[in-house]
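The whole structure should be built from the sequences, with the hints applied where relevant.
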Amino acid sequence: MATLQKIDDYRWEIPSSYKSGMRVPGLVYANESMIEAIQSDESLEQVANVAFLPGIVGRSLAMPDIHWGYGFPIGGVAATRVSDGVVSPGGVGYDINCGVRLLRTNLDKTDVLPRMSQLIERLYRNVPSGVGSKGRLHPPKGQIQRLLVEGARWAVRNGFGTSDDLEATEDGGCIDGADPAAVSERALTRGVPQAGSLGAGNHFLEIQAVQKIFDEEAASVMGIDHDGQVLVLIHTGSRGLGHQVCTDYLKTMERAVATYGISLPDRQLACAPVESHEGQQYLSAMRCAANYAWCNRQHIAHWVREAFIEVFGGNAERLGMWQIYDVAHNIAKVETHTIEGRQTRLCVHRKGATRAFPPGHPALCKTYRGIGQPVLIPGDMGRYSYVAVGTARAMDETFGSTCHGAGRLLSRGASRKAARGQDIATSLQQRSISVRTGDLGALAEEASHAYKDVTDVVDVIHGAGICRKVAKAEPLGVIKG
Amino acid sequence: MADLLRNAARAFYELVLEDASGLSSTLTRELQLESVDADTMLIDWINELVYMIDAEQLVFATFHFDELGPSYLVARAQGEYLDPSRHQLKREVKAATYHMSYISETSRGLDARIILDV
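As they're listed, the protein sequences go chains A and B. Numbering-wise (the numbering used here), the first sequence opens with residue 1 and increments by one. Numbering-wise (the numbering used here), the second sequence opens with residue 1 and increments by one.
No lab work stands behind these hints: they were computed from the structure. Don't take every hint at face value.
[To be verified] Only part of the chain B face toward chain A is listed, based on derived beta-carbon distances under 8 angstroms:
| no. | residue |
| --- | --- |
| 1 | T28 |
| 2 | D54 |
| 3 | A55 |
| 4 | K94 |
| 5 | Y98 |
| 6 | V118 |
Glycine included, C-beta positions come from ideal geometry on N, C-alpha and C.
Next comes the structure, spelled out in structure tokens:
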């Protein structure tokens with residue numbers, strides 16, 4: 001992209017003059033070598049296209065894990081004014097509230113490694129995963145509406161986890177404004193049987209060991225206290241329910257674009273004014289899907305604890321299995337931010353991006369008020385993941401947002417061609433990483449070579465100041481959906 | 001257009017099933033779509049097949065179009081319930097997307113592209 005302008009070592013601007021119709025400039029977080037790779041696909045065009053959205057403020061943002069998405073780039077953030085801006089289902093994606101949850105334990109990797117195969121088998125049995133997997137939850141028909149309104153709270157009320165889990169979840173695991181009447185029968189038919197499952201694609205459950213602590217004070221608040229400490233990371237979303245909500249409302253938005261005379265460079269960006277009937281209906285349904293996802297991760301966390309108890313004995317308290325945090329990385333939220341000195345209500349779309357609120361933010365629970373919101377950044381299954389915290393600079397520059405993962409380098413098809421699943425499994429085993437999957441092909445799609453090195457991504461966001469790294473963890477065992 | 005819809009369905013099943021050959025036609029479902037244009041109808045068509053797999057574990061072998069307009073259709077789809085011993089799912093599809101989709105007329109007939117989110 002000829003017009004890309006370097007601002008500093010971590011920031012690149014796409015000026016609004018790049019394309020007629022851009023309402024704001026684009027801002028990409030990347031280092032010199034990344035920006036070359038990023039330009040090999042159309043993701044920067046997508047950053048420019050997002051800048052066409054009516055009511056967009058600040059800049060159309062791209063995190064360093066940016067890659068080519070559908071309409072919006074993955075790793076994209078866009079904030080629109082609630083008063084006269086739009087909401088776009090493409091800015092959330094099909095897997096609404098795909099996100100990650102991190103549990104800590106009192107165990108050390110020397111406790112876990114000798115029993116790893118037993119633990120992995122138990123987890124694999126406890127948490128349904130893989131293509132077409134049906135859930136373990138089976139919510140009674142009369143309870144489905146409650147589940148969609150209450151999210152993780154519904155799960156805790158039914159004995160799956162504790163109120164401390166809710167404290168350590170974005171929005172307490174329950175976003176307000178969910179209206180089940182806005183969710184189609186089709187979305188329910190698709191999604192309800194899958195409630196309580198990991199799913200497939202890039203979803204996984206990983207047992208990790210802390211490899212390095214960068215910020216001892218913040219780590220200590222999170223309960224991360226030594227190298228080798230065992231953590232568990234859960235990555236999944238809203239399954240078929242979220243997928244169908246997105247499909248349904250993209251059709252609604254196609255019509256809305258014509259109704260409201262909105263001009264867009266890409267149909268996948270279809271949108272409606274936030275305050276229109278269509279916009280409000282979408283947000284109501286999206287919130288139901290987000291709550292479903294939090295409920296899903298809440299149940300899975302409970303079954304993970306059960307698996308640990310079955311293998312190591314004791315109880316969750318004795319094993320110290322409390323939740324560090326749970327973040328959404330595909331979601332649209334109505335939040336208040338300072339725009340040109342004025343408090344303004346915005347609809348912040350985070351598509352493959354994580355909320356990263358700073359210390360002192362009222363949305364944070366008491367535990368994290370002092371250090372900022374925990375940010376969970378999974379890498380690929382062969383390398384490592386990071387825990388970070390939100391910063392004031394993120395609040396100023398990115399509407400309190402940062403990256404969500406490593407970011408793809410190769411498409412799934414290209415990744416399958418580059419290596420066989422069996423070879424990937426063998427290579428992981430040789431490095432003492434246990435793997436359990438029902439689909440070796442899927443393993444090839446999610447191998448390290450398919451992703452950027454997450455350390456490069458985290459170094460950029462840390463260097464740019466839009467979050468601060470706290471700890472790094474290496475994988476010990478993976479259940480691949 | 002009927003051939004395009006049939007071939008798109010065939011391509012879809014090739015992508016999502018381990019072995020898409022030999023699907024039987026033991027049951028019939030009526031599928032109805034009304035879309036804003038032909039491009040959207042093709043996407044809606046694939047999304048209908050995605051839904052049928054997720055919601056009913058149904059896959060179809062043959063399609064008969066009782067009505068087919070530029071942006072609407074009524075079809076009788078014949079197929080079977082997924083039998084894992086014969087047809088294993090190899091991919092979970094979230095949806096057919098609008099991303100880079102097109103239908104164009106060529107000297108050999110209609111050419112189309114649809115990208116699936118998996």
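Q) So which hints don't hold here, by number, going up? A) 1
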